[in-house]
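Keeping the supplied structure of chain E fixed, place chains G and P upon it in accordance with the hints.
Protein chains in written order, with numbering that gives the first Met the number 0: chain E, 0 to 84; chain G, 0 to 281; chain P, 0 to 248.
Possibly wrong hints are sitting among the right ones.
With a cut-off of at most 27 angstroms between alpha-carbon atoms, the simulated DSS-like pairs for lysine-lysine come out as follows [claimed, not checked]:
(1) P:Lys245 with E:Lys65
(2) E:Lys5 with P:Lys245
(3) P:Lys69 with E:Lys69
Quick caveat, the hints were computed from the structure, so don't treat them as lab data.
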Amino acid sequence: MSATSKTLLVSALSAAIAMAAVSAPAAAADKEKCYGIAMAGKNDCAANGHSCAGQSKVDKDGTEWKFVAKGSCTKMNGTLEPMKK
Amino acid sequence: MTATLPLSAGIGLRHPHYRQVLAQQPPLGWIELHSENFFDGGQPLAMLQQLAARYPLSLHGVGLGLGAAARPDATHLAALRRLLDAVPAVAVSEHLSFNHDASQRFANDLLPLPYTRAMLEVVAANVAEAQDVLGRPLLIENLSSYLAYPGNDMHEGEFLAGLVARTGCGILLDVNNLYVNQQNLGTDVDAFLAALPADAIGEIHLAGYTERSFDDGSRLLVDTHSRPVYPAVWQLYRQIIACFGVRPTLIEWDIDIPPLDTLLAEAATAQAILDQHTGAAA
Amino acid sequence: MNETAWQHALLDAITTPQWQPDPRFDAAALAVYRNNYRVGLMEMLALVYPICRQLLGDEFFEALSREYVKATPSASGNLHRYGEGFAGFVAAFEHTAHIGYLPDVAQLEWALHRGYYAADATPLAIDTLAAIPQQHWGALCFHCQPACHVLDSQWPLASIHAHHQPATAGCAVNLHEAQPLLLWRDSDDLMQLLPLAPGQAAFCQALLGGTTLDEASAAGLAASPEFDLQAALLLVLQHGVLSAIKEPS
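Next comes chain E alone, as it looks inside the complex (with noise of 0.2 angstroms):
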C-alpha cells in the first residue's frame, strides 16, 4: 500500500466517522420498507406430519415439459424479456 492511498484512507475514513456521527442514514425517512412479515413461520408446514401440503393440495407429476413463462418477463417495461447479457 502506498503512502498516498494510505493518506487516502485516514482523510476518508475521518470524513466518514465524522459524517455518520452526525448524520443518519440518508434516506431513513422514507426508506422503502422492503420485506417484511410475510416471511415468518414456514416450518408450520412440517409440522404434525403430512399437514399442510399434504392435503391442501395434491401435486400431479407433469414428465413432459410444455410450460411457456408468461410472467413480468415477458413485459416488464416492454424490454426485459429473456435474453442473455
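Quick look at chains G and P alone, frame taken from chain E:
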C-alpha cells in the same frame, strides 16, 4: 425443569396471529410456537421474546427427528440450544418421529419409526444426547402415522414409556393423533394409554383432522390440524383427563388457520373441561 | 439393523422422483408422504422466490420448482434452509438458462430470505473506531453483520426488485444497467437493499470477506477509477454493516 406450563388451556400460535396477540393480549394460559421458525435472529426472534415476556412459552420442534436410526443433526441441535438461551421457554417438545438418515438426507415431515427393543435403545440415546445439549428434559409427542414397521414388537405407548424410563423425558400426548391412528391403523387406545406413566405426561394437544378418500374406496383420516376438534376427540380428551388428571392443554391449528377468536373459543372449551375436573377434585 | 434399512427405504420411497410400487409400503399411505414431501418443498420455494415466481408466472414457476425438488433433496430439518441452490439450478436448466438475469434475481431473493433470519449483531460504535489511532486504521479487519450481503451483478437488480414491489410495481427497468447491491438489515429488522456506485461492490465484498481496510480500499480502486472511498466508508458505517473489530490472529 424448575418452571412448568400452567394447568390450563393454551393455543398454538402461528404467524397470522402474532401481532394480534401482542396487541390484544387475550387471556390465555400459555402459548406454543414452532422452534425452527425462530432459529438464528432478526425480527422473528425479537417477536418471540416479546411474546415470551407476556405468556408462558412452550417451544415445539418439528425438525430434530429424534426417532431416526441416525444421530440427531448437530447443527440443528446447536441452533435449538441457542434459541433456548435467547428465550425463556417453560417447555420444549419434539416428536417421536424421524426425518433423516445417516447421509443427512431429510424429508421435512414426521415419519413413523419401528417400535422395537433395538430401536428403543437407539432413540433413547438420541433423546439423551439432545437433552444433554439442551440442558433440559424434553417432552416427546406421540405421532399420527399411516404406515407401521412390519417387525414391531411393542406399541407406541410402550415405546414412549421406555423412553421415559431410560432418559427422564416427559410425554406430550396428542389426543387427535391417537384417535387418527385408531381409525387408520386400528391402534388399541386403551392399551396405549394404559402403558403411559401418568406422571410423565406434561402436556396434551388437541386438533382436527381431514378425511381423505382414495380411488380404491379406502379412506384415511389425515392429521391436518386444520379443523375444529372433533366430538370423538373431545370425548377421548375427557376420558384422559378423568383418568390422568388435568394437564396443560393446547389447541393446535397449522393450516387454514381460522380467526383468533375461533382458537380462543376452542381453548375455552378445553378450559371448561379442565375446570370441571379441577372443581370435582377439589 | 433392519430398522435402519427400513427407515432408509422409506426415505428413498418418499424422496425418489419416480416411485415404483414397493410391497413394504402401503400405496395410499406412501402417496400422502410423497405428496407432502414434494409439495412442502415446492411451496417453500414459492415463498422464498416470489419475484422469480412473478417473472415466470405461477404455472411455469410451479413446474420449475417441481424439477428443482426432483433434483435437490432437502439437507436440513429446518425448512428455511431449503432452496439455496435454486440460482445455480435455473442458470443450468434448459428452459430457463436463456433468461440471463434470473440466477442473479434468485441469489438476491435467497440473500433477503437468509438475511431476514440471520443472527443478530450490534453495529460497531463509531466511537470505537474513532478511538483507534489513525495509523492503525488500514490494518483493521471486521466482523460484519451476518444479514449483510453484496451481490456484484451485471443486471439491474434494484430495478427488477422494485418492479415487483407493491409500492413501485411496474416501474421501468433498463436491462443494460448494472446494479450491484448491498443488502443489510435495518434497525427495524427489515431487509434493505441499495444499488452500489462503481467500485463499492468490490470494496464491500472485500470487507465482508474479512480483508483489511487497506486491501478493501485497493480492491475498490482496482475495480473502478471512479471509486469514492469516503462515500463507501460512510455507507458501511451508516447501515451498520460492520459489527466488531477483529482481533489480529
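Each hint tested on the structure:
no.	hint	verdict
1	P:Lys245 with E:Lys65	violated (53 angstroms)
2	E:Lys5 with P:Lys245	holds (20 angstroms)
3	P:Lys69 with E:Lys69	holds (23 angstroms)
Consistency with the previously given hints fails for number 1 only.
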